[in-house]
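Asks: Protein chains in written order, with our numbering: chain U, 1 to 326; chain A, 327 to 644; chain B, 645 to 1201; chain X, 1202 to 1539; chain D, 1540 to 1872.
Treat the hints with care, as some may be off.
Subject to a maximum C-alpha distance of 30 Å in a straight line, what follows is the list of computed DSS-like cross-link-like pairs (lysine-lysine) [said to hold, decoys possible]:
no.: 1; chain 1: A; residue 1: K552; chain 2: U; residue 2: K89
no.: 2; chain 1: B; residue 1: K904; chain 2: D; residue 2: K1712
no.: 3; chain 1: D; residue 1: K1712; chain 2: B; residue 2: K855
no.: 4; chain 1: B; residue 1: K927; chain 2: D; residue 2: K1712
no.: 5; chain 1: D; residue 1: K1609; chain 2: X; residue 2: K1297
no.: 6; chain 1: X; residue 1: K1332; chain 2: D; residue 2: K1782
no.: 7; chain 1: U; residue 1: K132; chain 2: A; residue 2: K353
no.: 8; chain 1: B; residue 1: K809; chain 2: B; residue 2: K1113
With beta-carbon atoms standing in for the labels, derived distance ranges [unchecked claim]:
no.: 9; chain 1: B; residue 1: S1035; chain 2: U; residue 2: N150; range: 57 to 63 Å
no.: 10; chain 1: U; residue 1: H126; chain 2: X; residue 2: Q1361; range: 33 to 39 Å
no.: 11; chain 1: D; residue 1: I1657; chain 2: X; residue 2: K1329; range: 53 to 59 Å
no.: 12; chain 1: U; residue 1: S281; chain 2: A; residue 2: F467; range: 32 to 38 Å
no.: 13; chain 1: U; residue 1: S281; chain 2: X; residue 2: K1329; range: 39 to 45 Å
no.: 14; chain 1: U; residue 1: S276; chain 2: X; residue 2: K1329; range: 43 to 49 Å
Every beta carbon over 12 Å from chain D, so not counted as near; a handful from chain B, in silico [what the hints assert, rightly or not]:
no.: 15; residue: G858
no.: 16; residue: L931
no.: 17; residue: F1006
Quick caveat, the hints were computed from the structure, so don't treat them as lab data.
Built from N, CA and C at the ideal position, the CB exists for glycine as well.
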Amino acid sequence: MNQPVLELKNLKKHFISSNGVFSRNKTTVKAVDGIDMTVNSGETVGLVGESGCGKTTVGRTVLKLYEPTSGSIIFDGEEITNFSPRQMKPVRSKLQMIFQDPYSSLNPRHTIGSIIASSYEIHGIHPEGGVKKAVQNLLDRVGLNPEHINRFPHEFSGGQRQRIGIARALALRPKLIIADEPVSALDVSIQAQVVNLLDDLQKEMGLSYLFIAHDLSVVQHISDRVIVMYLGKIMEEAKTSQLFLNPRHPYTKALLSAVPIPDPEIERNRERIVLSGDLPSPANPPSGCVFSTRCWKATEKCHQIAPPLVEISIGSKVACHFPEGN
Amino acid sequence: MSVTEIEPGVKVRTPAQIAWTRLKKNKVAMVSGFIALFFILAAFLAPFITNLLNLTPTAQYSSGIADTGIPIGSFGGLSLRHPLGLEPGVGRDLMSLLLYGSRISFTVAIITSVASIGLGMIVGIAGGYFGGRVDAVIGRFSDLVLSFPSTFMIIALSLPLTQRVEAAHIARDNGARVVVLVVFFVIFGWPAFARLVRSQTLSIRERDFIMAAKAQGASGRRIIFKEILPNLWPTAIVFLSLSLPGFLAAEAVFSFLGVGVQAPSSTWGLVLSDAVSYWQQDPAYLLIPSGMLIIVVLSLNLFGDGLRDALDPKSDRA
Amino acid sequence: AQSASAAPVKGGTLYVITHQDQLDHADPQRIYTGRDIAFMESYVFRTLVMYKPVAGTAGTGLVPDLATDIGKASDGGKTWKFTLKAGTKYSDGSAIVCEDVKYAISRTFATDVITGGPSYAMQYLDIPTDAKGNSAYAGPYTKVGQADFDKAVSCSADNRTITFKLGVAKPDFNYAMSYPISSPVPAAKDTGDKMDLAPLSEGPYKVASYKIKGEMDLVRNPNWSAKTDSVRTNYPDKVILKFGVSEDVRDQIFLKDTQKNAINFDALQLQNNISFFNSPASKTRGLNVNDPYTVYSAMNVSKGHLDCLEVRKAIYFAWPYDALIKLNGGAKLYGTPGDNAIKPNIGIDYAKTTSHINDKNFKSAGNPAYSKTLLAAAKSKCPTTYAKATSADQGITIDTSDTAAAKKSAAIVTPAMEAAGIVIKYNYIPTGSYYSTIQDNTKQGDMSGAGWGPDWANASTVIPPLFIKDGGFDLSQNWDDPAYPAFKALSDKANATLDRKAQAKLWQQAAEYAMAQYWLGPVSFTKQQLSWGSGVGGVDFWAPQGTFLFPALYVKK
Amino acid sequence: MSAHNYLEVKKLNVSFPTEDGLVAATSDLTFSLARGETLAIVGESGSGKSVSSLAIMGLHNRARTNISGEVILNLPTGSLELLSSSEDTVRDLRGKEMAMIFQDPMSSLHPYFSVGAQIAEAWLLHNKGNKSDGLKRAIEMLELVGIPLPVERVHDFPHQFSGGMRQRVMIAMALVNNPSLLIADEPTTALDVTVQAQILKLLRDMQKEFNMAIILITHDLGVVAEFADRVNVMYAGKNVEEAPVRDLYYKPAHPYTLGLLRSIPRVDQIDTHRLQTIPGQPPSLINLPMGCAFAPRCPYKELVPNNLCTTKNPELSNFADNHLTRCHLTHDQIESVR
Amino acid sequence: MLKFVSRRLLSSLIILIVISATVFIIFNYLPFDPARLACGKHCTPEIVSGNRHRLGLDVSWWMQWWEYLKGIFVGRTYGQGAAMFTCPAPAFGYSFNQHACVSTILASALPVTVSLAIGAFIMWMFLGVGLGVISARFRNTWIDRASNIFVLVGTSLPTFISGLLILLFIVLKFNLISPLDLGQWHSPLTAPWEWFTSFFWPWLSLALIYAATYTRFTRSNVIETSSEDFIRTARAKGVSERKVLWKHTLRPALAPILTIAGLDFAGLLGGAIITEQIFQLPGLGRLTLQAALQDYDLPIIVSTTILAATFVVVANLIVDLAYAFLDPRIRVK
Ligand SMILES: Nc1ncnc2c1ncn2[C@@H]1O[C@H](COP(=O)(O)OP(=O)(O)OP(=O)(O)O)[C@@H](O)[C@H]1O
Ligand SMILES: Nc1ncnc2c1ncn2[C@@H]1O[C@H](COP(=O)(O)OP(=O)(O)OP(=O)(O)O)[C@@H](O)[C@H]1O
Ligand SMILES: [Mg+2]
Ligand SMILES: [Mg+2]
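Can you make the complete structure from the sequences, with help from the hints?
Replies: Here it is in structure tokens:
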């Protein structure tokens, strides 16, 4: 088995916020509420779940862009949970992020050259052949025209911008890239280009990805392992093939059945689970199993006792009192 | 072909260049911009221009004014020698008076705008970026400043403060008055801009590229100077173009109230407030400077509008 | 002046329009502005004696008012007696008695409440003073030193005759009693500070209402009788003093004659004044006369200021009179350069001096060349003062009231002085605090613009106040000047001289002396213009009061 | 085409004059639709889907938009050409005969009015009644679209609803007058898959109940597969292919459709292969070049002789029964590259 | 909600206390001596110090400040003997220049300023918002440009000139108000028409100055709002253009304008110096100007300053509440 590059142990991130102008009541949003996960080197782990379930928060907490509330983050064998920003600096060269929104993640006032070069500047690295050359190589690498080094982000299309973001993340040759929904803002025909690029880069550079997405089909395509989150908690974790063929958690099952398949025959004939109701507010999660309010199998037990995440077969963990399948 | 070479045909356009191309298409803004620039240049070249026309700003052309103090001839004594006529009473050349006056007026307006924008920028960024306690303190403080009836304060305190400034040997006479006026304008001027910057900083701070910079390991300083600040320039430039005429007018009003620069120096405000008493006997004396003030304010306003449109990528959707 | 041929008629409302927001004071013991005094004394207050209500120099003579005569001096002018007429009443119908006059006089000693008024009683009455010159009596509110006052001012048993005991002989003491300080106030009706808004009335009108920034409405006083009052008339039904009319609006009223039954309490603004007096349509509604004032720049001769005669003269001879007079409306309306602190229209106390405009080097356009020679002399004689006058970072500071006209003058004076090599700096002081600022010795600049008119027709109200330490208005701060002791002796002598002719000679000498020292810089004998609406009749100038002859005014039918 | 067609769009052109030139957002768009039928319009972002639907609704600012072509509604009272009709006529149809729901439920509801008021307004505009009738109707509609506790929630404001619920409110508002035509512009793009499934089910149920004609705009081919009867594929402002849904998926006739279908990863197939991509970027709509707009990205343009693809704009032509395509490739060539 | 209001009230109170103290400190260090000013022609140091005592200036600024604050709650007594009098609570001091308790003076100046402010406010809101809406509606047409130019010219003239021109060339020229009636206070309760006519022109001249900002702001907000998705939704429902504008667009477009309008209004309540000066209105602005420039009448300066600050602070509070009332997103159930 490979070395783990990232290990999260019972990681929690709670946001305390006051809501409304007139209210002084503090509410606690348990965006990430005790999750354990591992990303091995060279591996791609997909993290899926509905909007607002805490995927981005996991990513940002790992990078310590948010201070974790509790739990531990072990990156590359090093416990970084309580690192100061100064201590984090060297870590950041090995741990990078690709952002969900290609439009807002690039400063509109910088050229793409300076955006990518800033990684070198910040870390005081002088790449071989000079910064400019390195930047152009990177651009070339992600399939952009190296001559565009002096252009500004708004002169690029969404797919191209996402490539710039990828180039920025690659500049320091990281070990792990947290890709936060890197293709969700892109068109279908462009999405495939970026997914392929990420695939190729991984093969070449031996990267690991924590691939955050809500589009299951993309996750399924790119991931080795998939983790399903719901309301700040992990519901299920399994090898990709296992998860998609044999989902154990009712939520996973519902999620999979809800994904429309671009094939009229299959689509019209398959059995589909339509969940009722919406995602509960993370500020006020249901007691017991967080999914119990929407689960068709929920019993009194589910409403009262939160099921722990347990390994029910090799490489497959599920947090459910009444798992599906076998 | 080596990758380090940039294709010669590719035109590199900075955001400023793009704004400039858009601005160039806006005829109204361009014309106003040139007019404003013309006035500003004329102000700073005042000695040169008066020299060229062989006029002395302090000289009294008493032969040109009648015993009643009113300039002889129509339109306030307008002639080739005195293109804008004469000042009634004293008999100075109106054009040199206005030229020299605009030096002070523009200096006050420019220094004030730049300083209050600078201060507002620093404070606004600090509040918006650091948030929390810093923001609260700054917010309360600017509330306090904004609650002061600024006009009264300026009126009541300008004289004693001018004396203080003189006693401290910072500046003398009108220099001291200008210093006091500028200081007051800045003290009461920054909070408005700071609020604007603060709210912008708050929204910029939420943008992902700030997160991205943090993720790369950028320090707070770098984020403020390299990431946030460049995004605030358009706001500042537009605010500048709009606050300049505001301070020009403010200087005029305070001159009218007897606060600020005093004769024998002249400002537009002084000329105007003097002209008011001659409005019947010598209307040209009122019309010419107020016409010029309107033109300058108007052109700065229109230019500011154009600039805002040019700098705002969404504007051509409207 | 207007012909008196038309007979005055009764009735109508007379409007008196002013830009000011209020009278400086309306409390009889606090009022001190000539114009306000004339107004209030003509309509509301009565005093022991009064100026004769006629135009011309005859108007400077006193006539009895509340008193039966203009006062009887005895003891070589150290005791004065006034007996009250019978049958005089307040507007509420109660009778006026001697104690009320005495109480009124006592109020002027309460300098912490009754502020701003004339201090004649304190100066002249025989009441002990402490080392600093303050009266032992502190006024009727605290009653400290009441016994001293009672000794100096007493009423006869029948409460009709008041006796004043003076500290020094004062042959013209009765003139002081023409001021409303002698207007009676019964102790029971005294409201202290509030009296300034609601004064009592003995005159033909009483104050029906007085609102600051609004108006003061005077209505007939039913308890006034012309029989006991030979000074006043009650022609209009109502007199309304209208405050706070903006200068532009006020000027339009008189230029266009839109309010026919109105008189202008103020002067018109310069430009409007020129238009008014140049237009045949309006100038018949105006009067252009010499005012009682001498307008001058006092030279501050104390140490560190203009303590060098040559420098003072250099400034004087470079003065651009012509341009300034042109700026201020020309000689016809503004006036002419003067040579004396005493104005010719005062009468016998004036004589031509040998300095100022009478100096052969005087040029009304300014004589910078001569100034330069004076400066050259000063350079060796008094180098520090010379340096002050000529160096760019020191310069001569001129105090001036912060008005538009003053600023324009600055634009004329500054380059004119520059031509003589003198550096001028202007210090603009807000109008309201101008005099109190320059009267503060530490705050006064090198030169201060001022004006002074005699309190009555005797140079004793000009020379000592202007040039004697603690005289009240000694802006020259000349007490350390080597020339001062000799001058002081001369002035004291004149003051004590009872023979009016001999006294006048001495005043002339004193004036000549002071002027030759250039304690006063440029002097102007200024003029004054009155304006009124076509519906007002009987308009004339009341010389000693320097304003309308109010008792003659009536509203035409 | 069938005479029962309820909506006929013929040669619809919509363009915007801008600083940089004329933006031809939609050109020569032609399709028709019967009641009870669902037509999906698919295509990438910027291909002109929204613009054309707004043109049908008459929601463009006519002063700043050039619109030509025909939009014909065959109403029981006779047929009506909308583009040449007066603003008032079209406004009377909006909300009653034809309704629209928009992509972003967050911003499409007025933040200042309660949802009840907004639904009631839509009803009151076309029906007689007072406010309380409107509110009653709003409650009915909320119930119909499955909002729990409609009586209480009718007074709530949009920000108090979740995204899925807001979209339901939008649907309720659109359906309050039983429109015959519903245009749904990406009704689920902003929503999660589980919520998307709920909304789509709701739409289908409503369609059955009211026998509506639905134009479903989306770029999600999965949604189309589930929902549509016929599909219109748009590229660069043109409809490049129109076909019944099965034909489109199993016998795509346009290289762009082909590429699109191939580049989509599928949940139901475990494949670790590289995805196939369409190289290049969609073109700018300003001053479109001569020839086929897809040509620069088309892998098969070499098959067409004489550089025809880059010089001549292909016409919409019959590929098979009820199957139109806009391509220079011959029928056989297409069959062979498929 | 209640908690929020009380918190805000508390912080407002602190601001007011700080401001009042600041004013005392500032005026304590002024080189002007009101005692000297009140002294008159014959002035000895003893009279000055007597005056200083009478004016309450012979103690440190914090004592003066404390006395002032105390007076607000318990009233103040001045003088002795026959000259004694009391200003009842709430006493803001006594003006020796106007011989009245400041509370009385304020009470007579306030209605003038409030009338001026309210009328001008209504007028400029109508003018500014109206023109703004029209400009937005017909944007980039000549109507838009004309309104833009009109407003810009109107405002680029300094206040004193535009006000004066209105006064001289309209009001006096056409005899719209008799010159002696100018600036006369008529109560709207007893003489509404006179009240209206006497304030109309001052309102207009003030409104002209403010209208421009509002025209611009309204114009851009309306334009921005009308490109919002929810406006398109309204159109899709078949709402008429009129209703789209007045019902759907204007409310969200005007909500942010409320904020600046509230503050501008509060600022005006502190006194529109120049307008009051030109039209001779005996309001707070003129009162303060006179007190600050001519008389150094400390009790009046302090009180008007605090009053003006109170208006701003209260306006801030009201604006926040009103904003929440208008925009349900800010309201919390
Ligand atoms: N800075 C923050 N302060 C307060 N709450 C936050 C913050 N960031 C996120 N949250 C809350 O935490 C929860 C999880 O948010 P997160 O962005 O991690 O979800 P996500 O799974 O990434 O959703 P999406 O798919 O929409 O990106 C949400 O309810 C969100 O509102
Ligand atoms: N008012 C307008 N002025 C200029 N161009 C416009 C305007 N509205 C739309 N466009 C352009 O028209 C093209 C088609 O836009 P449209 O909104 O129809 O795309 P779409 O297919 O709906 O895309 P999406 O999936 O992103 O909603 C785009 O390139 C767009 O930029
Ligand atoms: Mg996220
Ligand atoms: Mg769209």
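Asks: Hint by hint, say whether it matches the structure.
Replies: Hints and how they fare:
Taking the CA atoms of K552 of chain A and K89 of chain U, the gap is near 18 Å; set against the 30 Å cutoff, the hint holds. Restraint check for K904 of chain B and K1712 of chain D: satisfied, since their Cα atoms lie roughly 17 Å apart, inside the 30 Å limit. Distance check on the hinted pair: K1712 of chain D and K855 of chain B sit about 28 Å apart at the alpha-carbon level, within 30 Å; holds. For a cut-off of 30 Å, the pair hint linking K927 of chain B to K1712 of chain D stands: about 21 Å separates their Cα positions.
The suggested pairing of K1609 of chain D with K1297 of chain X is violated, with an alpha-carbon distance near 69 Å, which exceeds 30 Å. For the hint linking K1332 of chain X to K1782 of chain D, the alpha-carbon distance of about 16 Å falls within 30 Å, and the restraint holds. Note on K132 of chain U and K353 of chain A: the hinted pairing is violated, with a Cα-Cα distance of about 40 Å set against a maximum of 30 Å. Simply put, K809 of chain B and K1113 of chain B have alpha-carbon atoms about 25 Å apart, close enough for the 30 Å limit, and the pair holds.
Distance hint for S1035 of chain B and N150 of chain U: a CB-CB separation of about 59 Å, consistent with the stated range 57 to 63 Å. The supplied range of 33 to 39 Å is broken by H126 of chain U and Q1361 of chain X, whose beta-carbon atoms lie about 55 Å from each other. Taking 53 to 59 Å as the suggested C-beta distance range, the pair I1657 of chain D and K1329 of chain X does not conform, at roughly 41 Å. Our hint of 32 to 38 Å for S281 of chain U and F467 of chain A holds, since their Cβ atoms are close to 37 Å apart.
About 41 Å separates the C-beta atoms of S281 of chain U and K1329 of chain X, a value consistent with the hinted range of 39 to 45 Å. Hint check: S276 of chain U to K1329 of chain X, Cβ distance near 36 Å, so the stated range 43 to 49 Å is violated. The claim that G858 of chain B lies off the interface is violated: its Cβ sits roughly 7 Å from the closest Cβ of chain D, which falls inside the 12 Å cut-off. At roughly 22 Å from the closest C-beta of chain D, the C-beta of L931 of chain B stays outside 12 Å, upholding its exclusion from the interface.
Non-interface call for F1006 of chain B relative to chain D: holds, since the shortest CB-CB distance, roughly 32 Å, exceeds 12 Å.
The structure fails to meet hints 5, 7, 10, 11, 14 and 15 from the earlier list, while all remaining hints are met.
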